Amino acid sequence: MGFLLFPSRSLSLVKIQPFASRPHCCLRKQRKGSLRSTWPSISLGLFGSGFLLGPLIDGLHSRVNLVVYQNGSIDFGPLHTNIWVPPLLGLFYLSVGLLQLFLDEMASPDVPQVTLEKTGASLLALVLFIELSAEMYKAGVADNLEAYILFAAAELIWLLLDRTALGFTLASIVGLACPLAEVPIMKFCHLWSYPQANIQIFGQGLITWTLTCYFVYVPFLINLSRWLDSIISNRIESK
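Numbering (the numbering used here), first residue to last: 1 to 239.
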């Protein structure tokens with residue numbers, strides 16, 4: 001009798017154990033496959049946001065002549081921009097946003113949920129930061145003092161909106177790489193320049209503290225890309 005009960009208990013364990021392990025694997029497959037199915041729609045949303053929203057934010061700097069546009073410059077009322085700025089900022093939004101979603105998949109299956117309110121808050125923080133930098137530049141604040149203030153404000157925004165090592169690393173890389181990427185565009189295409197540059201790189205003038213503007217852009221793009229990913233994924237699942 002005991003011999004009959006023992007194998008039956010073993011069989012029940014054999015049946016239960018694989019059944020308990022399936023949900024975890026299935027969830028990870030769905031998590032990894034979602035970006036492959038949603039990235040075209042997410043890319044369109046990111047590029048469109050950068051194309052439309054980016055020049056408006058950038059206009060806060062051109063309004064005070066921090067940056068002056070040259071070849072291809074156009075004016076829409078008080079907005080001074082360049083015909084190449086919308087597609088370039090669209091590519092910027094697209095690249096950083098998709099990179100963040102890729103890192104989310106590689107780093108952890110547990111991605112923080114982002115709401116529209118948090119995305120809006122990060123956009124508001126970005127706009128206020130850019131406006132602060134423009135007003136200090138317009139008021140003639142010394143470059144070193146403005147840099148200290150903006151670096152402190154950028155750190156505070158990261159603490160409030162992200163507070164992750166991955167987000168800080170990505171923001172730092174973007175903050176350093178993007179000003180350097182402007183150098184060949186200014187040198188060979190002559191699309192814009194900085195009249196009161198305080199550093200020269202390969203013969204092109206830059207303003208050192210603009211890297212903080214790119215840094216603060218990243219928390220907004222992280223939240224925007226995650227929010228787009230969540231709403232597009234939910235729409236696909238509901239069909």
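Everything labelled a hint here was simulated from the structure, so no lab data went into it.
Predicted model only: the values in this text are computed from it and were never measured.
It is possible that some hints are incorrect.
Restraint-style ranges between C-beta atoms, simulated for each label pair [to be verified]:
1. T115 / I185: 15 to 23 angstroms
2. L159 / Q113: 18 to 26 angstroms
3. A165 / A121: 33 to 41 angstroms
4. D75 / I236: 23 to 31 angstroms
5. F202 / I236: 39 to 47 angstroms
6. K118 / L52: 34 to 42 angstroms
7. L176 / V64: 21 to 29 angstroms
Glycine included, C-beta positions come from ideal geometry on N, C-alpha and C.
Hints, verified against the model:
1. T115 / I185: 15 to 23 angstroms: violated (35 angstroms)
2. L159 / Q113: 18 to 26 angstroms: Since the Cβ atoms of L159 and Q113 sit about 19 angstroms apart, the hinted range of 18 to 26 angstroms holds.
3. A165 / A121: 33 to 41 angstroms: violated (21 angstroms)
4. D75 / I236: 23 to 31 angstroms: At 41 angstroms between Cβs, range violated.
5. F202 / I236: 39 to 47 angstroms: holds (46 angstroms)
6. K118 / L52: 34 to 42 angstroms: At 21 angstroms between Cβs, range violated.
7. L176 / V64: 21 to 29 angstroms: Given a distance of about 24 angstroms, which is inside 21 to 29 angstroms, the answer is holds.
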